[in-house]
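Heads up: the sequence lines are chains A and B, in that order.
Read in order, the letters of the first sequence correspond to residues 923 to 1122 in my numbering.
Read in order, the letters of the second sequence correspond to residues 18 to 130 in my numbering.
Just so you know, these hints were derived from the structure itself, not from any lab.
From a predicted model like this one, the values you see are computed outputs, not experimental measurements.
Incorrect hints may have been included.
[Stated by the list, open to error] Sample of chain A residues lacking proximity to chain B, with all beta carbon distances greater than 12 Å (derived):
#, residue
1, V938
2, Q993
3, I1071
[To be verified] Pairs of lysine to any residue, SDA-like flavour, derived with a Cα cap of 20 Å:
#, chain 1, residue 1, chain 2, residue 2
4, B, K86, A, L939
5, B, K86, A, I935
6, B, K86, A, A926
7, B, K86, A, E937
8, B, K86, A, L970
9, B, K86, A, L1006
10, A, K1018, A, H1048
11, B, K86, A, G929
12, B, K86, A, L928
13, B, K86, A, D924
14, B, K86, A, Y1100
15, B, K86, A, K1018
[Claimed, not checked] From the derived model, a few chain B residues whose C-beta atoms are all more than 10 Å from chain A:
#, residue
16, W34
17, K67
18, T103
Every residue gets a Cβ at the ideal spot worked out from N, C-alpha and C, and that includes glycine.
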Amino acid sequence: MDAATLGMWTFLITEVLFFGGMFASYAVYRNMYLDAFASTSQYMNVVLGGTNTAVLICSSLTMVLAVRAAQLSNRRHLILFLILTMIFGVAFLVIKGFEYHAKWVEGLVPGLHWSGYTEHPEFAYHAQILFFLYFCMTGMHALHMVVGIGLLTFLLVQAYRRVFNANYFAPVEMIGLYWHFVDIVWIFLFPLLYLIGHRR
Amino acid sequence: MTTHSHIPRVRTLVLVWLALICATGMTTGVSYVELGWMNIVVALLIAVVKASLVAWIFMGVRYTTSLTKLFVVAGLLWLGIMILLTFSDYHTRSWMYQPQPWSHGPGNGPATK
């Protein structure tokens, strides 16, 4: 178990640096174009972003409860909490989908459909950088969510087949670590993308 | 499978969840308050506290071996090195290729080319 945990954390550290590269480029460009980045927040949907933050935090709770159920050989609770976690995960992606759709309709997709940035035309050029980063970062995050839901499906099948018990639950714990990591990424994405500019 | 994992209490987990939800409300609320450059600092501080809570309790770093803890800290260290070096590059770029008093031939005063 210790070896698996260590290996999983090693993988997660590579993920930290993968997302860290995008966070670093975000920091560099925000430093360069502070006003342009601040003016973009009026185009971000704080209600949907905040709801998604809460949804992910809830999914982390159900995930950790699923691990606990596995540790206690409680198959019924394990299956219940795995399903709940998946529901929260899918809810997150559905809300994210609505947000992406709104961005497309409003013409806020740089390179493909960019026409909606009209409030502060002087910032329109540099604001494209932020929206590009927005789609890269939330897109990579959403991809990780899709992978996570796939892994949870695998766990659910295994749990249904009574594979896990108090002596063997490492896969549940390791995929739990991955799920929490994806939650942590969003915990940083939410303030940096949605909350940067109400007050500059 | 020699060691038994620590089994957390439900009460602890629910309290952490509650703290995370409250912190989300707090970071959203405080973003509407004018704090100048402090806004981003407060937002990042709250995010770091939230992430630490998730890692410490939900991810069970608290209950792991010191070797795993060392790996986690090392990961954060690499992240810090990457961000530090990136910024030292971008921050000092404007320092280069500026005319210096000594770069225009003999004499001490700035050259009038």
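Query raised in the report: Is it true that the CA of K86(B) sits at most 20 Å from the CA of L939(A)?
Result: 17 Å, holds
Given hint D924(A) paired with K86(B) - CA-CA distance at most 20 Å: Given that 20 Å is the threshold and the Cα spacing comes to 12 Å, the pair holds.
Q.
Checking one constraint from the list: CA of K86(B) to CA of K1018(A), max 20 Å. Satisfied?
A. Judged against 20 Å, a Cα distance of about 33 Å means the pair is violated.
Query raised in the report: Is the Cβ of W34(B) farther than 10 Å from every Cβ of chain A?
Result: 4 Å, violated
**Message:** Holds or violated: K86(B) and Y1100(A), Cα atoms, limit 20 Å.
**Reply:** 16 Å, holds
Please verify whether K1018(A) and H1048(A) have alpha carbons no more than 20 Å apart.
With Cα atoms ~24 Å apart, K1018(A) and H1048(A) exceed 20 Å; violated.
>> Please verify that the nearest CB of chain A lies beyond 10 Å from T103(B)'s CB.
In response: With a cut-off of 10 Å, T103(B) comes too close to chain A, as the shortest Cβ separation is near 5 Å.
Hinted pair, alpha-carbon criterion (20 Å max): K86(B), L970(A). Please report holds or violated. 35 Å, violated
12 Å Cβ clearance of Q993(A) from chain B: 5 Å, violated
message: Using Cβ atoms and 12 Å as the threshold, tell me whether I1071(A) really stays out of contact range of chain B.
response: Holds, since 18 Å exceeds 12 Å.
>> Need the status of pair K86(B), E937(A): alpha-carbon distance at most 20 Å?
In response: Holds, at about 17 Å.
Q.
Holds or violated: K86(B) and G929(A), Cα atoms, limit 20 Å.
A. Roughly 12 Å separates the two Cα atoms, so the pair holds.
In terms of the numbered hints stated before, the structure departs from hints 1, 2, 8, 9, 10, 15, 16, 17 and 18, listed from lowest to highest.
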